[in-house]
Amino acid sequence: MARLFRIWWCFFKNVLAETMSYRLNFFLMMTIHVGWFAVYLATYGVIFSQVKDLAGWSPYEVLFLAGTWQLIFTTFVGIFVPNLSNISWFIKTGEMDFVLCKPVGSLFYLSINRVELGGLSSMLSAIPALAIAGRHLPGFAPTAWDLAAYCLLILAGIAILYSLMLAIVSIAFWATRASAVQGLFWAIQEFGGYPAAIYNRPLRWVLTFIIPVAIIANLPASMMLKGLDGASVALMLGIAVLALVVARFVFYAGLKRYQSASS
Amino acid sequence: MTSGLRKYGAAYRLKLQDTMEYRANLVLGNLTQFLPLAAVLVLWAAVYRQRAMVAGWSFTEVITYFIAARAASSMLWVSLTQDIEKDIKDGLLAKYLLMPLSYFWYWLSVVAAEKTLNAVVVACFLLALGLAYHGRFFIQADPALLGLTALSLLLAFFISFCMAFTVCMSAFWMSEIWAVGFTKDMFQEALSGGIFPLMMLPPAIYHAALWLPFAYCLHFPLMIYLGKLTGDELARGFLFQAGYALVLGLLAQAAWRLGVRRFEAVGA
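Taken in sequence, the protein lines are chains A and B. Under our numbering, the first residue of the first sequence carries the number -19, and numbering increases by one thereafter. Under our numbering, the first residue of the second sequence carries the number 20, and numbering increases by one thereafter.
Chain B extracted, bound-state conformation (with noise of 0.2 Å):
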């Protein structure tokens, strides 16, 4: 167990160190992902013009939603689609396959170095727009329901990372997986609230969207967040995340057990 945590600590600490040596390119890289947000904010300014209310929302949480929701993806967002495929078709895996390491692990650390630094770029950021624009966004005072969050971003980002990392092995048999990745990268986007609140569809789909995992990846910790689930929908909720994190994370195993057999180490 220690010998695992400093391993991986080990490599969690090089990405951090090797992340933060491009600082500019970090800081703009995280707040560019706020620019598509403008025309989104304007669209909805124009129907809040018309109505106060909308399903239920406010302007506010509407703002408050789509700029979290913005921020939560880079924090969350887990694309390894380029540097898998490249390890696996150029051979380079087999560099890995010696190392005393599990890959799925190892990956996972980077990975979290890279998030750690976006959440903290990203969380200055946040601070300074709810100080510039003060009263304009819900804050949630709550510190249960925060303390909530905050577990609930950590259990979708490890969602988030077993679905990539599980997309990824289908290098093993494919030659090109970017379409592939692109296909799931739609699919999370849409289905896990990323371009508009789930609860805001119809019900008969909102209630079948709760049933898949993109939905505990991004709107799940949203909506503790903005206090819009009941207690029973929390648990509820937490019994799904938990419950996908275990069941995604042992299909990411399994796949990579599957998928490592048919490595040729071609090129290495």
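In isolation and in its complexed conformation, chain A is listed as follows (with noise of 0.2 Å):
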């Protein structure tokens, strides 16, 4: 474990010190993800300049739920998607074989070597949205187990979000000129930034059980508006891992398919 971090911390300065050399587009980055949060809470604000609530969730606990996405969703961003949209490339074009080379394992070279700091540094755009949405919710007062528990599933979010990404990828080793599956991503994951209520009873259950989407920033969100709730603690933890283990289980069988291209 102190390797894998170690290695990850090489990587990171690496990536620092590029970061560093392009200040601009470092600085670019930052504001198209909080520009992008933006428009984000824009489509709310127009909503709710037409109605009071959005399947009960009043304006300020959609502001929460959407500060709550934002932290997951950019953490994600800045930390695994520079990574994992490589993969389908590496295996079209035979790189994949450097991948496999090297003297640690191959999901997690994968997964980590590359970080974009603009992405990850817009997280903090999500910390005013949550602490205004908090200011204007009445009885909102978490406790320190409180926050414990929502910093949990803010990783098991991550988790299931990284899991979802990884699965998807890998079907370019079944489907190698398979281009368009990143985007069967990126439409899923849109489902996620709204509250799970707006869905119906089979998509919510679709949405939860088979693509856990919904519950990424519905669950914590939910359980910091509502209070703890420990079944729904322990669901979002098992879904993360099973998700975990089939993701990783999807990659390693594509892997095994994976012939290496012409050269």
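If you're looking for bench data, these hints aren't it; they were derived computationally from the structure. What you are looking at is a predicted structure, and each value in this text was computed from that prediction instead of being measured. Do not rely on the hints blindly, as some may be mistaken.
Claimed, not checked - Only pairs whose alpha carbons sit at most 25 Å apart, straight line, appear in this in silico DSS-like list of lysine-lysine:
#, chain 1, residue 1, chain 2, residue 2
1, B, Lys34, A, Lys72
2, B, Lys105, A, Lys72
3, B, Lys105, B, Lys203
Please assemble the complex out of the two chains, which come individually in their own frames, going by the hints.
Quick look at the structure:
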């Protein structure tokens, strides 16, 4: 574990040096991520200028949910997306050969060798959203336990997003030319940022147990808004672990089929 | 004039043939564009469960708006960042400089070919959707408005192309331009009405957005199609759209002329 962290730290230092030499790009990327968050909030602004609540969620509850989603999503985008989105390219070009030769687990290397600092730092924009929402919500006074559980569920949310994307990009092992498969992930994640209550029963069930995208931000936010509920916390942690196991299995099953590109 | 048509016509035809070689990619690429709509439509359905009309829009109109916006985007959205950056950084541009053609019109022909095929695929999809869910969408029957929509889509494509081309010209000055490209994309997506109808914004913001070129990339043609504009608004809109097409066309050419002086043909 300590060795893996040392390796990650080396990668991180490299990226930091690179980012600091292209500072304008870093600031632009940060602005873009914060800008998209503003656009996402503006959508809710437009909706709440017309209706008082959204499937039972008040504007500030939705703001809290949006902040939670932003926290999870930008962390995921900053740490994992630059890596996972390369996997299909590595498979197609045969560059995976070099990854397999490295003296470190291939999934570990493929998951964390790059960090997108602009995206990662934009997660700070979630904090004012959460703070503003918290101040306006009546009776919002989380205990230390609530906060600890919230942080744990945030990590579980990141793990679920990671698993979903890993499983989807691994399809490239079977269909090398399927450049469209990544689009599937970006379509699915759209369901993560909205209150799950807007989905009808069958859809909510699918989005909880089959493609568990609806619980990613909804469970941690609901837990903070409506009190700590042990069963929900356990459910989310269970789903996160299961998702990781399944995604890992899909990845390694695919890797067995990897034939390298003709060189 | 005729030699120009022949030259750029050839570039257009070549790109058509090239894209047609990967037909499955063409169809899949265009259809997966519609997938992210699922979540958006579910969100708006939840809003309409509480009210029949939102800001003067019926649910049918909103559904039509989002589907049409997505369809129009695949015909109008221009992203040249990777191609042009590569031409400039790797010195490949030298090849074009030696040819008796304008880099601007060359890319316009190439992108137009791509968008023509996208338009065909998307039109087939919309037709199928319209037949399958007859009555759930708003179908504009007025031929005059349909004609104006088509004209406005053409101008929107030109504006969108000029903006993308101008942004790419920054590659003459900067070593990496993807972040600049993303920034433009964000403003374009939000302020052209790609995320929600601009008309639902507070009036002051809506009217301010109408002064920017982005509104004429998507919002304006869609509003014509939905019949949301009065005669005056139509005339004013076309004036702005044509004006922006002219100004942004000149700006793109000026950016090219300034930039190409700095070109060093590294690696060529």
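Inset, instruction - Take a quick look at whether Lys34 of chain B and Lys72 of chain A sit within 25 Å of each other, Cα to Cα. - result: holds (24 Å)
Legend entry - Given hint Lys72 of chain A paired with Lys105 of chain B - CA-CA distance at most 25 Å: holds (21 Å)
Inset, instruction - With a cut-off of 25 Å on the C-alpha distance, tell me whether Lys105 of chain B and Lys203 of chain B pass. - result: holds (19 Å)
When each numbered hint is compared with the structure, no violation occurs for any of them.
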